[in-house]
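J.: These are the residues of each chain, in order.
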Amino acid sequence: MAKKERWENVVPPVLETTPGYIPDALFERAPYDPTAGEKGGYSNYSYWGSTLRAFRKNKVAMFFLWVLIALLVFTFVQPLLPGQRDPNLINNDPETGYMLKNQPPSSEFWFGTNAIGQDLWARIWSGTRTSLFIGVVVAFFEALIGIVMGAIWGYVRKLDRLFTEIYNVIDNIPTTIIRMLFAYMMRPSLFTVTFVMCLTGWFSMARFIRNQIVIIRDREYNLASRCLGTPTTKIITKNLLPYMVSVIMLRMALAVPGAIGTEVFLTYIGLGLPVTIPSLGNLINEGKQVMLNGTLVYQLYYPAIIISIITIAFYMIGNAFSDAADPKNHVE
Amino acid sequence: MSKTDVLLSARDISVTFGKGHKAFQAVKHVSFDIYKGETFGVVGESGSGKTTIGRAIMRIQPLSSGEICYNGERISGSISRELDQEMTRKIQMIFQDPMASLNERAKVEYIVAEGLYNVSHGVSHEYVHEAVSRALSDVGLLPEFASRFPHEFSGGQRQRIGIARALIMQPEFIVADEPISALDVSIRAQVLNLLQKLKRERGLTYLFISHDLSVMRFICDRIAVVHLGEIVELADTDTLYRHPLHPYTRALLSAIPVPNPEVEKKKKLLVYDPSMHDYSKEKPTFVQIEPGHYVLANGPELETYRERLAKQD
Amino acid sequence: MENNVVLSVRDLVVQFTLRGQVLTAIRGASLDLYKGESLAIVGESGSGKSVFTKSFMGMLDKNGSIKSGEILYDGMDLAKFKTEADWLKIRGHRIAMVFQDPMTALSPLVTVGRQIAETLELHQGLRGRAAKEKAIEILRDVGITNPERRYKQYPHEFSGGMRQRVVIAIAVACNPEILICDEPTTALDVTIQAQILDLLRDLQKRYGLTVIYITHDLGVVASVSDRIAVMYAGDIVEIGRSDEIFYDPRHPYTWALLSSLPQLGERGEDLFAIAGTPPNLFRPIKGDAFAPRNPYALKVDFQYRPPYFDVSPTHKARTWLLDPRAPKVERPKNLDRIREMGGFIHE
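Protein chains in written order, with the numbering used here: chain G, 2 to 333; chain B, 981 to 1293; chain F, 5 to 351.
One or more hints might be untrue.
Residues on chain B that point at chain F, a partial pick, calculated with CB under 10 Å [unchecked claim]:
id, residue
1, 1198
2, 1237
3, 1245
Quick caveat, the hints were computed from the structure, so don't treat them as lab data. Built from N, CA and C at the ideal position, the CB exists for glycine as well.
Next comes chain G alone, as it looks inside the complex (with noise of 0.2 Å):
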């Protein structure tokens, strides 16, 4: 509606006509006020305003995002409802005392159950979480300490050189391997997992930091910051990152479906999480040891489903946020 108003009003001046009779009295000087003139800008403009209503404007990323929140809600609130399962517990069949291994999905196992009689629906949604929580948790820590050191390897130019050797030297050597290293030394566990993915994720976050600052260190304003005395972290702060939010918040939206991905695959190669902890990881382990058999192979479908939402979930959101983050994009 308000579209149409604003259509309406600009159309009829452009080809507006003269009247015919005008009154003499018109043709007086006006009175000049030169300070009218410098009024023409927009108003009441802010950032994160214009990013939030730019984001809600994306009906797709606003779709994955309720999706994402009932997916987390629900992994929460999925233990505490009527009639559920522990995820652990190893269901046996009352009457004859059998573990009630590779169930079908039916009305008592939505899910199904897996070869040593575990519910899937528990499992899946136990798992879900502990995935979760690993992936917010790697992101988070791969972005803090990701955006501290290539915030300082971009902008300080003496450390430049060094952090540049470094880098080069760990990035030679595989991950896997120094994720491997620390996985045998330490315990199996959620801790140790996490720990190994934070240790070598934000590498390659570091060095996406630090490129983007140097593409923007010595643009004019930097400088001008500089001759007004402000201090380097000031100047990151306040002058750097904030030219990146978008691109970091796309890089952390990516960084939560990897580091999930990631623990799947420790988890293959057997140096994830124990057993006793459910996770997306362990419940494809478990699945991949049947998928050759087509009615088990349920017990693979349904976590790879989880794992897909949330991926493109995440994805899209990240996208989508990236793009409204961008003010050139913030037309008021």
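Since the structure of chain G is already known, use the hints to place chains B and F on it.
T.: Coordinates of chains B and F only, in the frame set by chain G:
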């Protein structure tokens, strides 16, 4: 003018970019004095090193040799923390491109107040707010602009925000690096008038860097013409426009567009070709040819310049 | 004169949509371009001068379109063109353009000579040796010394001024009828700027081009333009022969543009300045768009948009000051200096 009036002096300064065989000397043994209260112009084309001279004074470009003194005290090279703070306050800069020189992600209030936070610690929020409002109205902007972001403003307004940011430091000396060349002609006058007004009211001293002599004539007291890192001619503005001697200065002057179609269509353009100098036998020196008028020339050239001066008078 | 019109624009309205809002960049502008003339379109940034000429070549950004009006050229109405195929018949072929930044117009990976030869092959049907020889000839025409050697070089081996010469060479190689130069010298040094303008004037004669210059600096076009159109807020507010605009301007905006030239300033005095900024074209404009910044504004300027008033058969201006009922106003004094202005080298 007496020697005591010298506010800033550059002694034999050189700036070299890069190292080894890739080294490029952007500024070659340049010396000049800037007197208190004057506007000293540096004119030259891209690659002449004029911006580098400005940045060397701002201490964001280290010198490879020579020194810069402010009020007789050396400010180039490593200096004490106190002097550094003092110079940050006293020497400020206005940048060329108003689109690139403001932090797009900060509000005008922060941009203008930035320097204040650095030199005066623990200032109250009200004080900052008050100072920003004053600085904005000093440059002809409305104080309510403080809560907006730079991208809402036009080029001329943004350049004035840049000036307000320098003014809030209460500087004595301002390096204006092509402050108007990125602006529309119609907006240039606003900014130039503002600079003139501030100079009158606050006794500021300017180093005004530009590639456009038509503007310098109007604002500068003395002008140095630089070409490939060297000053080729230095004189007070009237003298330079009346008796331009160095062929490069003359080429620059002839290139100024004249807003008069009849004259402009007949105008002869002078083209400067550095190979017109024969410096194989005698190297040029920087010589005072008439009071306050210096030119880079060797013996035979000086002869012809003197003849030309005599003819003109 | 009438039959010599090559391009005729009638009541052109161009609008852009940005995030659901409509910006009217051109508000009903009309223009006749005569064969063989050079016309300068002068205005501030945001006045729509670039958009106006881009609309002749189908080069509007994706979110922009011609809402109404006609662009008549060679019996066609360009405003009706929809497809890229339509435009390719015109763009670069009949109407060519020289941009402000020469680097964006050249491919860094292809030799300068090849780029010109390719244009010749495409537009003039020359082949092989003939194309190469013609390319070298054009390079010489645009003032590049030693064109045989330069032919084999890449754009990065050229200085800014030389690159702009190459861009001009490519534009001329299309053998266009109309050449549009969008701020052709803004990115260049002053001495180079004057040389490029000299070159353009020379080429215009030699190739019989019709040239449109777009610039924000009235001072620059005195040497090259036969006629000048002054644009403000998406409309032509004054148009006339070059001498009429410089010696007898009528629109207060033209006065302001001329008065604010630093060449007219006196040392120690304030320069004439236009206060404020151009209007926001997202909002509807009532009356004369320049009124809020105009010290000579009449009350009627805030109410009704002025029509064109004829000053001479070749000179008209859109201002109520030319209405017989308007009070007499004196234009800024320093405009009288223009006639006496000489060059800056006296001898």
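J.: So, for every hint listed, does it hold in this structure?
T.: A quick look at each hint next to the structure:
Taking 10 Å as the C-beta cut-off, the interface hint given for residue 1198(B) holds, the closest approach to chain F being about 4 Å. Because the beta carbon of residue 1237(B) sits about 4 Å from the nearest beta carbon in chain F, less than 10 Å, this interface hint is met. With 10 Å as the threshold, the beta carbon of residue 1245(B) comes within range of chain F, its nearest partner Cβ sitting at about 6 Å, so the hint holds.
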